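**Q** In terms of this note's numbering, the sequence shown is residues 261 to 890.
No lab work stands behind these hints, which were simulated from the structure alone. None of these values were measured; they are calculated from a predicted model. For each residue, glycine too, the CB sits at the ideal point set by N, CA and C. Do not rely on the hints blindly, as some may be mistaken.
As the list claims (entries may be wrong) - Here are the simulated lysine-lysine pairs, PhoX-like style, with alpha carbons at most 20 Å apart:
| no. | residue 1 | residue 2 |
| --- | --- | --- |
| 1 | Lys798 | Lys734 |
| 2 | Lys563 | Lys303 |
| 3 | Lys293 | Lys303 |
| 4 | Lys488 | Lys504 |
Claimed, not checked - Taking CB as the label site, the calculated pair distances span:
| no. | residue 1 | residue 2 | range |
| --- | --- | --- | --- |
| 5 | Gln397 | Met358 | 44 to 54 Å |
| 6 | Ser859 | Gly727 | 28 to 38 Å |
| 7 | Arg876 | Glu498 | 33 to 43 Å |
| 8 | Lys504 | Ser586 | 28 to 38 Å |
| 9 | Met358 | Glu745 | 30 to 40 Å |
| 10 | Ala838 | Glu578 | 28 to 38 Å |
| 11 | Asn375 | Phe583 | 24 to 34 Å |
| 12 | Phe583 | Ala404 | 17 to 27 Å |
| 13 | Pro833 | Pro485 | 29 to 39 Å |
| 14 | Pro485 | Leu841 | 32 to 42 Å |
| 15 | Lys830 | Ser877 | 11 to 21 Å |
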Amino acid sequence: MPSTHDWINEPLAVVEGMFAASQNGQSSGWEAKAVEFFVEQLKEKEAQSLVPSLNDVPLHYLKPNSLVKFRCLIQDMFDPEFYMGVYETVDPSTKAKMLRCGKYKDVTESGVDLNSKSTVTAERQTFYCVPIPGENQWAKDGYAATTSNQGRAVPSTSYVPSRQKRSYEEDEEMEVQPQKQKETHAGSQSATEQHGNGDCKRQETEAPSSQAASASHLDLNFPLPGEKGPSCLVKVYEDWDSFKLNDTLEVYGVLSVSPALSALAEEKDAFLDPTESMETAEELRVHCPPASLVPRLHMLYGKRVAHNNPLLPHASLEESSAFFSSTLGEMAAVRAELLSYFTHVLLGDALAAEYLLLHLISTVYSRRDVLPLGKFTLNLSGCPTVSSYTELLYQIIQQLVPSSFYLAMSLQNMNQMRLVPKKDYVANRLVSGALQLARNTSLFLDETQLEQGQLDATGVRNVTALGNLISWQKVDYDFNYHQMEFPCNINVLVASEGRSLLPSDCHIHLQPQVAPPRMEEYLSSIHLHPQASSQLNKFRVFLGAARLLDYSISEEVTKAVEDDFVDMRKDDPQSISADDLHRLLVVARLLSLSLGQTSLSRDSWLRAKHIETLRRSRMEQHKSVNGNEP
């Protein structure tokens, strides 16, 4: 049985050993056994921590063909490709033939017999994956802390980088000015035949000893502006139909950064004949980018993850029962602390603080036809426009949720930003947009930044897209000749002066109880800085755990709620509508979960009715004073 060092540093040796043991692939089932071996090894959390992460370790520190992991979002799905699953090599001196396994590789060994009858062609799928959009620094640091530094101790031997080694967070120039980035590869490959194994399906007679891979035309296609980190071509061999666009994954696979991949793409680009090739030059650049900038990762094991909070277990509720049992017992106390904190942040408004807390634990838990159940978009109006209050509020939320994005709804942003992903048929790829986000991302829309002016056609489309996202939790991607609907699960908070021009599930007008002369100083004084990590971590666990809990309503309580609804409508049928009842049920659900209760109690129902009565009363008063719609 291979040691931990072996299967992490030499995973292909494990695969090839099982291939050879199966009489060179003639016996069935060896592929499943190989995958099962790695899955079994990775069941141990200690073993997972030994696998270096592409998210944390710069690519030039990682050993080629080693096992690495990547926490990512599927940004695009390319067409399936063919590769040589089994091929035969011929030793040039002895003429001895040997069958080899082509799985989990991009480039084969030298001496491939292309005319061999033993060659077996297989198929694999390619996902274009990017780091989770908007993932906040505390979450990145939390994951990095759980991974061993083993990866950093093994610098790459495939090439020598031409610049100082930097972390992804420091390597800003690559993203901002990609045209200036060049990587020089120093290799010692022989002039024997190299065969591109499916990725750029062609041959090369001689791999150059050095080459420059320029990113001059390479757009890494991150959904959000200013994002850093690696993008990656993930090659999937099994059950690729089980993955969907925008899924959040944790992938364990064999890292491939062979300089030959870049050479193959460049040579093919130089001799591309449009009359003979189905691929355009633009498509080739997108689908075969330099491996030094976009590595390949051959998936051995991958799983969808329900969240990207490093403080919470990724196992199911049943497997994490001990964790959640202890967490439930503390939730009421942590809730009280967080409510007090939010009250200070919202200038003494305890009712608005209650609704902010409920908003942050909301999630779409089910869909009934087209209606997403559980969403709770909050419009917080009455926000001060002085001292960048909304930006400071966002920074506080950013410290509490794993992923978030601040969108200033200025006229320029609305008219110029690409919010909706669009299909580029020339390059055959999905060009990302700012609304291509992972589930449970907190989207903060700052409407206080909207000034007078005219929305152009792009602006109107963007505002419409935001409205559809809020109302239906879906984004209609632009495929030129038609639109394709993609469901999503994004927490939207709209901060505005008056009532937002966008729809919302709940609207509350801020009523400050304090009027600090210097807003920035006031918020800074109550801002929980990263040094207060234990308090912040309690809040982060609370907000994350509340979303993951199961919830139910007993038949007895359901009957009591129905009777209550009938009683409320007896005196004044106009006092409460079906929409009001739906909101009440959502508030009651979130209130119960925030207290660590997984079923609705009579007390929680009465509490939900009470805070909704207070909110509606406040909105009526605000309407009568300002003449605005509540």
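**Q** Each hint should be assessed against the structure and marked as holding or not.
**A** Verification of the hints:
1. Lys798 / Lys734: Violated, at about 32 Å.
2. Lys563 / Lys303: holds, 12 Å
3. Lys293 / Lys303: It holds: about 15 Å lies between the C-alpha atoms, which stays within 20 Å.
4. Lys488 / Lys504: Cα-Cα ~23 Å, so violated.
5. Gln397 / Met358: 44 to 54 Å: Distance hint for Gln397, Met358 holds at roughly 49 Å.
6. Ser859 / Gly727: 28 to 38 Å: holds, 34 Å
7. Arg876 / Glu498: 33 to 43 Å: violated, 53 Å
8. Lys504 / Ser586: 28 to 38 Å: Check passed, 34 Å falls within 28 to 38 Å.
9. Met358 / Glu745: 30 to 40 Å: Given about 51 Å between the Cβ atoms, the range is violated.
10. Ala838 / Glu578: 28 to 38 Å: holds, 36 Å
11. Asn375 / Phe583: 24 to 34 Å: Between Asn375 and Phe583, where Cβ atoms are some 58 Å apart, the hint is violated.
12. Phe583 / Ala404: 17 to 27 Å: holds, 21 Å
13. Pro833 / Pro485: 29 to 39 Å: violated, 50 Å
14. Pro485 / Leu841: 32 to 42 Å: Because 41 Å falls inside the window, the suggested range holds.
15. Lys830 / Ser877: 11 to 21 Å: holds, 20 Å
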